[in-house]
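Please put together the full structure from these sequences, using the hints given.
These are the residues of each chain, in order.
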Amino acid sequence: EAEVAQSPRYKITEKSQAVAFWCDPISGHATLYWYRQILGQGPELLVQFQDESVVDDSQLPKDRFSAERLKGVDSTLKIQPAELGDSAMYLCASSPPRGGGRPGTGELFFGEGSRLTVL
Amino acid sequence: AQSVTQLGSHVSVSEGALVLLRCNYSSSVPPYLFWYVQYPNQGLQLLLKYTSAATLVKGINGFEAEFKKSETSFHLTKPSAHMSDAAEYFCAVGSGGGADGLTFGKGTHLIIQP
Chain A
1 EAEVAQSPRY
11 KITEKSQAVA
21 FWCDPISGHA
31 TLYWYRQILG
41 QGPELLVQFQ
51 DESVVDDSQL
61 PKDRFSAERL
71 KGVDSTLKIQ
81 PAELGDSAMY
91 LCASSPPRGG
101 GRPGTGELFF
111 GEGSRLTVL
Chain B
120 AQSVTQLGSH
130 VSVSEGALVL
140 LRCNYSSSVP
150 PYLFWYVQYP
160 NQGLQLLLKY
170 TSAATLVKGI
180 NGFEAEFKKS
190 ETSFHLTKPS
200 AHMSDAAEYF
210 CAVGSGGGAD
220 GLTFGKGTHL
230 IIQP
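Those protein sequence lines, which keep their order, are chains A and B. Per our numbering, residue 1 is the first one in the first sequence, and the count goes up by one each step. Per our numbering, residue 120 is the first one in the second sequence, and the count goes up by one each step.
Since the hints were derived computationally from the structure, they do not count as laboratory data. Note that the Cβ used here is the ideal one computed from N, Cα and C, for glycine as well. Among the hints, a few may not be true.
DEER-style ranges, computed between Cβ atoms [said to hold, decoys possible]:
1. B:Glu-185 x A:Trp-22: 25 to 31 Å
2. A:Leu-70 x B:Asn-180: 36 to 42 Å
3. B:Glu-190 x A:Ile-38: 25 to 31 Å
4. A:Leu-39 x B:Glu-134: 22 to 28 Å
5. A:Ser-58 x B:Glu-183: 33 to 39 Å
DSSO-like, lysine-lysine: derived pairs with alpha carbons at most 30 Å apart [unchecked claim]:
6. B:Lys-177 x B:Lys-188
7. A:Lys-78 x A:Lys-15
8. B:Lys-225 x A:Lys-62
9. B:Lys-225 x A:Lys-78
10. A:Lys-15 x B:Lys-225
11. B:Lys-225 x A:Lys-11
12. B:Lys-187 x B:Lys-168
13. A:Lys-62 x A:Lys-11
Written as structure tokens, this is what we have:
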């Protein structure tokens, strides 16, 4: 069964350092999402891509976070510089495209996440 | 705008007892509703989804949920809890179409007592 791949699974870094997360969505999924999940809370959307274009990055802290999906396939989320409050699970998800006149179900397929600890 | 409220951050039931996790939603358009489960240090796995077909939705692992428009609710139930059901459960709402992000609730931690 196809899966969303994420790496690294775990990352420990010191504050003010740079950190990057990588995501490879399910093949053929045009839409890719990055969510942040703080311990004990639900996931919150950071950025949404449709192919290589950003659809929604209204909740992305753009002074320190950046995301790209240059060829419309895999994606990288970067934090520079990392702060203590960035400690969280970073989840990548993808969803299949609408097609054939049928609306999608909106189901998201999640990777296993990248857990970031900032010391 | 869409939002989800999950009542109870922690729910504890005995093994074999009924599981009921509550979810209320707010949406300006007909909603698509989802329940996801998350085990420690893992991603989210879809349990079930409502996409405007049958109001009673059956999912994996014996879970089901009923969409009640009049109550704006989508509560998750399972007749008999198993130890392996212990996990974090998230209700989510979307507007459908396959191109919109989901809005998640804060989650309910399900504890199973032996």
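**Request:** For the range 33 to 39 Å, tell me whether the beta carbons of A:Ser-58 and B:Glu-183 fit it or not.
**Result:** Because 35 Å falls inside the window, the suggested range holds.
**Prompt:** When you check the alpha-carbon spacing of B:Lys-187 and B:Lys-168, does it fall within 30 Å?
**Reply:** Between B:Lys-187 and B:Lys-168 the Cα gap is close to 14 Å, so the pair holds against 30 Å.
**Item:** Cβ separation of A:Leu-70 and B:Asn-180, checked against the hinted range 36 to 42 Å
**Value:** Between A:Leu-70 and B:Asn-180, where Cβ atoms are some 39 Å apart, the hint holds.
**Prompt:** Is the straight-line distance between the alpha-carbon of A:Lys-15 and that of B:Lys-225 30 Å or less?
**Reply:** holds (27 Å)
**Item:** Consistency of beta-carbon spacing, B:Glu-134 to A:Leu-39, with hint 22 to 28 Å
**Value:** Given about 27 Å between the Cβ atoms, the range holds.
**Request:** Measure nothing beyond the straight line between the CA atoms of A:Lys-62 and A:Lys-11; if it is 30 Å or shorter, mark the hint as holding.
**Result:** holds (21 Å)
**Prompt:** Does B:Lys-225 pair with A:Lys-62 here, judged by a C-alpha cut-off of 30 Å?
**Reply:** Roughly 24 Å between the alpha carbons, so the hint for B:Lys-225 and A:Lys-62 holds.
**Message:** Tell me if the straight-line CA distance from B:Lys-225 to A:Lys-11 falls inside 30 Å.
**Reply:** holds (24 Å)
**Request:** May I ask you to test the hint 25 to 31 Å on the CB atoms belonging to B:Glu-185 and A:Trp-22?
**Result:** Roughly 39 Å apart at Cβ, these two residues miss the hinted range, so it is violated.
**Message:** Need the status of pair B:Lys-177, B:Lys-188: alpha-carbon distance at most 30 Å?
**Reply:** Holds, at roughly 17 Å.
**Message:** Just to be sure I understand the hint, the distance between the Cβ atoms of B:Glu-190 and A:Ile-38 should be within 25 to 31 Å; is that true here?
**Reply:** holds (30 Å)
**Request:** Assess, step by step, whether the Cα of A:Lys-78 is no farther than 30 Å from the Cα of A:Lys-15, and give holds or violated.
**Result:** Given pair A:Lys-78, A:Lys-15 holds - Cα atoms ~14 Å apart, limit 30 Å.
Hint 1 from the list above is the single one not met by this structure.
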